[in-house]
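Numbered per the UniProt record's numbering, the sequence shown spans residues 1 to 274.
Calculated directly from the structure, the hints in this document are not laboratory data. Accuracy of the hints is not assured; some may be wrong.
[As the list claims (entries may be wrong)] What follows is a list of derived Cβ distance ranges for each label pair:
id	residue 1	residue 2	range
1	I25	K230	34 to 44 Å
2	N92	Q36	34 to 44 Å
3	D221	E81	14 to 24 Å
4	I25	E208	13 to 23 Å
5	K180	T147	14 to 24 Å
6	R258	P175	28 to 38 Å
7	E208	R27	31 to 41 Å
8	V104	V47	20 to 30 Å
9	D55	H246	34 to 44 Å
10	V12	D53	21 to 31 Å
11	D251	D55	41 to 51 Å
12	S43	S189	17 to 27 Å
13	E93	K230	17 to 27 Å
14	N166	Q127	22 to 32 Å
[Unchecked claim] SDA-like cross-link-like pairs, simulated, lysine to any residue; straight-line CA separation at most 20 Å:
id	residue 1	residue 2
15	K252	P175
16	K255	D265
17	K255	P175
18	K203	K40
19	K255	S178
20	K230	I191
21	K255	V190
22	K180	E195
23	K40	A266
24	K252	Y149
25	K255	K203
26	K203	T9
27	K40	T9
28	K252	D170
29	K230	G185
For every residue, glycine included, the Cβ atom is placed at its ideal position computed from N, Cα and C.
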Amino acid sequence: MMDEHRDMTCAVVGVTANRHLHDGIHRDWLQRRYIQALTKYASVECVILPTIDGDQPSDATIRTFREVMRRLDGLVLTGDESDLDPSIFCMNERVWARADDDVVPGETDRPRDRLSWMALTVARELQMPILGICRGLQEMNVYRNGTLYEDLSLSHKGITHSENANLPRDEQYLPVHSVKIAPGGLLSSVIESGELQVNSLHKQGIAELGGGIQAEAVADDGIVEALSYKNSSTFQLALQWHPEWHASSDDKSQKIFRAFGSACDAYLVQRSTT
């Protein structure tokens, strides 16, 4: 049954944190732009999901985590500067236990990898709305056994996918290349457009799509820039770009957040009647 004390007027979504290591101190952190865009345009409340150290076995951890996510109406997989470690997502050979090099600033964030694997596993079980952004898109692909290019600058010369570090931070999130939207897909139905100008701040990128995944947008150099989970009963979409950064001035980004928020609202209503 639904918690009778809960406010039924607003959906609540879990937003993934990242691990930050500075001066030997571990911190969970999240860029504020995600919360601002989700609150204003998706009209949801947000709770931050903490990263996972791996001190406990994955099966024990997921039992606890499942109870947390049963209280939520959606999942947001955020971006991060670290590279994804596919070994944590591998069903047959998962590397789960804590290691000394779990967190290498700007390179590795296995506590985040563990969190995202856990969150995607439970979200799949519960058929929960999902919005993946940048690293989140890569996680959604690898979770379905897709593969990644480790460094797009070594394999794709047509488009520069990484940001220009010499520019001010706000300018790094301005549109730099176009993507073609797949007709008849989820993203096309949301933004009602055949092409978008997007920002690009990523080193890794999709090499092969995982099973049950639909390409929703593709860059001119062939890199998949948006995807969805096929045959999902709800909104499960991921974008390689960052719609949250300039959402206040971009109506297409606002439409994406609103569509996700509507799916979370519908999920809340469904849960309240079961």
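Enumerated hints in conflict with the structure, sorted upward: 4, 6, 14, 18, 24, 25 and 26
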